[in-house]
Amino acid sequence: MSSLGATLLARALAFDLPATAWRPPAEPLDAPRWNALLTEVHRLRASGPLTAAVVHGAWPTTDEQRHELALEHRASMALAVHLEQHLVVLHHELAAAGIGVVILKGPAIAHLDEADPSRRAYGDLDLLTRGDDFASVTAHLEQRGGRRRFAEPTRGFDRRFSKGASFSFDENLEVDLHRTLCPGPFGFAVHIDQLWEHTEGFRVADHELRVLDRPGRFLHACIHALLGQAEPRPPALRDLVLTAPRDRDELLDALSRGREELQVVVRDGVLTAAARLGWAPPRHLAHWCRTSASSPRTARWLWAYQHDRRSSARLSLASVAAIDGLTNKIAYAQAVALPRHHRLHHTRRWRSGLSGLRRPART
Amino acid sequence: VQWQRRPAITRSVDDGVIVAPPTPGVEPVLLTGPGPLIWDLLAEPWTTAQLGDVLGEHFTGETDQLHADVRSLVECLGELGLVAAVTP
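Protein sequences, first through last, are from chains P and S. Each residue of the first sequence is one higher than the one before, counting from 4 in the numbering used here. Each residue of the second sequence is one higher than the one before, counting from 80 in the numbering used here.
One or more of the hints may lead you astray.
[What the hints assert, rightly or not] Computed spacing ranges between beta-carbons, pair by pair:
id: 1; chain 1: P; residue 1: Arg158; chain 2: S; residue 2: Gln81; range: 57 to 63 Å
id: 2; chain 1: S; residue 1: Cys155; chain 2: P; residue 2: Ala154; range: 44 to 50 Å
id: 3; chain 1: P; residue 1: Val92; chain 2: S; residue 2: Glu154; range: 22 to 28 Å
id: 4; chain 1: P; residue 1: Ser259; chain 2: S; residue 2: Val105; range: 39 to 45 Å
id: 5; chain 1: P; residue 1: Ala316; chain 2: S; residue 2: Gly104; range: 56 to 62 Å
id: 6; chain 1: P; residue 1: Asn38; chain 2: S; residue 2: Pro167; range: 52 to 58 Å
id: 7; chain 1: P; residue 1: Asn38; chain 2: S; residue 2: Thr166; range: 53 to 59 Å
id: 8; chain 1: P; residue 1: Arg150; chain 2: S; residue 2: Glu123; range: 42 to 48 Å
id: 9; chain 1: P; residue 1: Asp173; chain 2: S; residue 2: Pro167; range: 42 to 48 Å
id: 10; chain 1: P; residue 1: Gly148; chain 2: S; residue 2: Phe138; range: 43 to 49 Å
id: 11; chain 1: S; residue 1: His137; chain 2: P; residue 2: His70; range: 21 to 27 Å
id: 12; chain 1: P; residue 1: Ser6; chain 2: S; residue 2: Gly160; range: 44 to 50 Å
[Stated by the list, open to error] Here's a subset of chain S near chain P, in silico, CB distances under 10 Å, partners left out:
id: 13; residue: Ala87
id: 14; residue: Pro103
id: 15; residue: Glu106
id: 16; residue: Leu120
id: 17; residue: Arg150
It is worth saying that the hints were derived from the structure and are not from the lab. The beta carbon of each residue, even a glycine, is placed where N, CA and C say it ideally should be.
Using the sequences and the hints given, assemble the complete structure.
Structure below.
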């Protein structure tokens, strides 16, 4: 990621956001700057806001630049349409089977929070399902040709502990199935039942789809922006701004969807979005950020996500502290320390070791 | 025959609108030029002749050619399941 490209992208993403200080350039960018911007736009699927800025005459371009951007945006939107074709059918099939799923991120933000769905691109589908339905949805996706990327480490792990699983398909389709909103300790701090109690609907091609309500989308946007990668991505910060609580009640609603530890993620997410997008959060949100505090415990959790050498081992270790109940902690630790396929391997070695000991005894 | 658009997935782009039926495997189509206007109008039932007349007010060109282009586009959209004939 070039810092030049990232800075320019932040200006493009901020163009239509409320209360942002960043402004588009007064003249078309020179070639090196434009190329740096377009590289970032492509890498982060962020052509929507820049295209809108150009079409509305807010971001000046040369004819060639506009053409390059149009091609990028066209490809990006064709993919979004392709993914929504699958989304509608998947959602319908699962509903017909009596399985509820809630759509997360891309399509939800595009249809409910953006001024126009074409301002939000995405490259996969994210579905939230209940732990008890996880196996049924997995079976359904596999029946449709989905290949799960990582096997369930031990029986019952998906239902009790997993963040989720990814499925890839032949037809340029990837589905991320979620049980909670992120891996690691903060994933265990989400009140999943609360998410399910507060959903809303929107229509795509006459099909009713379910998504989290706005406070839920805001909480998820904070989590995704701050914990999704070691370095927050500007499009995820834009989602956060678009779903930001409009009043204090909405903020309290969002905070009620998780344990107290999650507040540091919300606060740091808001502060990061403010710094990167030149955004002035609404007064009630800014005030809350100034007065909320973090603890050494949540600082350690955050470190596990944001450290340069972020690893699943670090997240798993931190997760043990976040899991309620000693029995659950032990079950989780066993599952991640010794997954089922490794356990089989160890058992075989142990057995062959025993037979090796026996053989000399018989001779 | 009057035509009306069916439920579809759409996205606007710089030079038009991408449209597809909610059916996996059916390639999205890009409507440019008068295409987006026709798509908008087809929210209500229209004959191709009526559409041609409306377009004549917005676009210059041979009237016969305009009507032929409209018929061709509506046929194409019909084959993709994006518009359907409706009875008044």
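Hint check:
1. P/Arg158 - S/Gln81: 57 to 63 Å: 58 Å, holds
2. S/Cys155 - P/Ala154: 44 to 50 Å: 46 Å, holds
3. P/Val92 - S/Glu154: 22 to 28 Å: The hinted range 22 to 28 Å holds for P/Val92 and S/Glu154, with Cβ atoms some 26 Å apart.
4. P/Ser259 - S/Val105: 39 to 45 Å: 42 Å, holds
5. P/Ala316 - S/Gly104: 56 to 62 Å: 41 Å, violated
6. P/Asn38 - S/Pro167: 52 to 58 Å: Distance hint for P/Asn38, S/Pro167 holds at roughly 55 Å.
7. P/Asn38 - S/Thr166: 53 to 59 Å: 55 Å, holds
8. P/Arg150 - S/Glu123: 42 to 48 Å: About 45 Å separates the Cβ atoms of P/Arg150 and S/Glu123, which means 42 to 48 Å holds.
9. P/Asp173 - S/Pro167: 42 to 48 Å: Because 44 Å falls inside the window, the suggested range holds.
10. P/Gly148 - S/Phe138: 43 to 49 Å: Cβ of P/Gly148 to Cβ of S/Phe138: about 45 Å, so the range 43 to 49 Å holds.
11. S/His137 - P/His70: 21 to 27 Å: At 24 Å between Cβs, range holds.
12. P/Ser6 - S/Gly160: 44 to 50 Å: 47 Å, holds
13. Ala87: Since chain P brings a Cβ to about 6 Å from S/Ala87, closer than 10 Å, the hint holds.
14. Pro103: 5 Å, holds
15. Glu106: At about 9 Å, which falls below the 10 Å cut-off, the nearest Cβ of chain P leaves the hint on S/Glu106 intact, so it holds.
16. Leu120: Cβ of S/Leu120 sits 19 Å from chain P, so the hint is violated.
17. Arg150: Violated. Min distance 25 Å.
Violated hints, listed in ascending order, are 5, 16 and 17; each of the other numbered hints is respected by the structure.
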